[in-house]
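Protein chains: 2
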Amino acid sequence: MTTTTAPRRGRPGYDRSTLVAVCVATFNRHGYDATSMGMLAAELGVSKSAIYHHVSSKEEILEMALGQALDALEAVLAEAEQLDESGAKRLEKALRSTVQVLIEQMPQVTLLLRLRGNSPVETAALQRRRDITSRFGRIVESGQKDGSLVTSQPPRRIARLVLGMVNSIVDWYRPGESAAEPAQLEESILRLALDGVLAER
Amino acid sequence: MTTTTAPRRGRPGYDRSTLVAVCVATFNRHGYDATSMGMLAAELGVSKSAIYHHVSSKEEILEMALGQALDALEAVLAEAEQLDESGAKRLEKALRSTVQVLIEQMPQVTLLLRLRGNSPVETAALQRRRDITSRFGRIVESGQKDGSLVTSQPPRRIARLVLGMVNSIVDWYRPGESAAEPAQLEESILRLALDGVLAER
Numbered sequence: 001m002t003t004t005t006a007p008r009r010g011r012p013g014y015d016r017s018t019l020v021a022v023c024v025a026t027f028n029r030h031g032y033d034a035t036s037m038g039m040l041a042a043e044l045g046v047s048k049s050a051i052y053h054h055v056s057s058k059e060e061i062l063e064m065a066l067g068q069a070l071d072a073l074e075a076v077l078a079e080a081e082q083l084d085e086s087g088a089k090r091l092e093k094a095l096r097s098t099v100q101v102l103i104e105q106m107p108q109v110t111l112l113l114r115l116r117g118n119s120p121v122e123t124a125a126l127q128r129r130r131d132i133t134s135r136f137g138r139i140v141e142s143g144q145k146d147g148s149l150v151t152s153q154p155p156r157r158i159a160r161l162v163l164g165m166v167n168s169i170v171d172w173y174r175p176g177e178s179a180a181e182p183a184q185l186e187e188s189i190l191r192l193a194l195d196g197v198l199a200e201r
Numbered sequence: 001m002t003t004t005t006a007p008r009r010g011r012p013g014y015d016r017s018t019l020v021a022v023c024v025a026t027f028n029r030h031g032y033d034a035t036s037m038g039m040l041a042a043e044l045g046v047s048k049s050a051i052y053h054h055v056s057s058k059e060e061i062l063e064m065a066l067g068q069a070l071d072a073l074e075a076v077l078a079e080a081e082q083l084d085e086s087g088a089k090r091l092e093k094a095l096r097s098t099v100q101v102l103i104e105q106m107p108q109v110t111l112l113l114r115l116r117g118n119s120p121v122e123t124a125a126l127q128r129r130r131d132i133t134s135r136f137g138r139i140v141e142s143g144q145k146d147g148s149l150v151t152s153q154p155p156r157r158i159a160r161l162v163l164g165m166v167n168s169i170v171d172w173y174r175p176g177e178s179a180a181e182p183a184q185l186e187e188s189i190l191r192l193a194l195d196g197v198l199a200e201r
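Those protein sequence lines, which keep their order, are chains A and B.
Counting from 1, one number per residue, gives the positions in the first sequence under the UniProt record's numbering.
Counting from 1, one number per residue, gives the positions in the second sequence under the UniProt record's numbering.
Some clues are possibly wrong.
Heads up, the list lumps identical chains together, so a pair's fine if it works in one copy or across two of them.
[Claimed, not checked] Here are the computed lysine to aspartate or glutamate pairs in the DMTMM-like style, where the Cα-Cα straight-line distance is at most 25 Å:
1. K58 - D15
2. K89 - E181
3. K89 - E200
4. K89 - E122
Derived from the structure by calculation, the hints contain no laboratory data.
Put together the whole structure using the sequences plus the hints.
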């Protein structure tokens, strides 16, 4: 996804999705604010006008990438919410699917998690992210009510902390490079979130 | 710590530690790479040469702030390592103290956690951060050996995930604004890390 060479047809160039992927990798390396259209053009090896052939602004690229991440996260969460099971089971499903989305769409999710909220596109994405956290909180709350989850902590705080653990993987997990396979990582996260680390409670 | 007004003596100005605090807040708002000395001067309401009176470069400010965070994190970890107790108890002590440092030095730790490794100062700080994770991993490993912690997951992966949960608080916890007091947050993190969220294992 982050390759800088693209199949060449009539003349050198990129399709829109490859262009976005290269730009997202550049945003993640330097920070979105610090990345100029000139830097993106240099990274792509094309002129700025070649980029403007595909998108109208740097912000449009950001918006597309964030949309991909948020659409996927919201879709898997909706599936988990609709399960006719205990809160604990729905939380497990939501966490597993979220880990899978993070691994599959790591560049876009990394961009999302590092937003600072300095523009309307960013604040809108951060609002969608907060809504996702709230929906996790409601799953936790339903598990507290049906007795499947602990009731000693506020549900929204549990949601934030467990998602904090999940989200941290973009900082250190590299599929194909790290020792753990995605499925093993998913299992580790589940076991820690659900059972904790103490040998005996 | 992030106030932009300082006590005025002979002429308007900042002491060195206030200057660093204002600069760290600016780095966190815009990203370190995207923050110029001109932006820092504008934020401080002084000339660039007034900043150069205190520090030789933007990077020196970064290095001072990262040093504050890393020194504090390493010091509390050393205390936990020296406890003559089970691995679980040492992990508990290390986590509690780390949460306290994160809350007390939130701006500097936020800066540390968002580094991209684009300069020697950054890569050196990231190496110290990795060493801290390794030391947490060794505490977990000792707990697995003495039977106080679960052995179903690799110790370093446990360390990374639990620290991911802890570190996430810089993204959403605001002492004095958030509903939870620092001590309550510390307790929530401990309970989740140690016991998980399931009502019954």
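### Query
Is it within, between, both, or neither for K89 and E122, if the alpha carbons may be no more than 25 Å apart?
For K89 and E122, the Cα distance exceeds 25 Å both inside one copy (32 Å) and across copies (41 Å).
### Task
Go through the copies and call it for K89 and E200: within, between, both or neither, with a Cα cutoff of 25 Å.
Both, since 22 Å and 13 Å are each at most 25 Å.
### Message
My question is about K58 and D15: at a cut-off of 25 Å on alpha-carbon distance, are they close within one copy, between copies, both, or neither?
### Response
For K58 and D15, only the intra-copy Cα distance (16 Å) is at most 25 Å; the inter-copy one is 39 Å.
### Task
Could you figure out if K89 and E181 sit no more than 25 Å apart (CA to CA) within one copy, between two copies, both or neither?
within (23 Å within a copy, 30 Å between copies)
Against the hints set out earlier in the document, a violation occurs for number 4 only.
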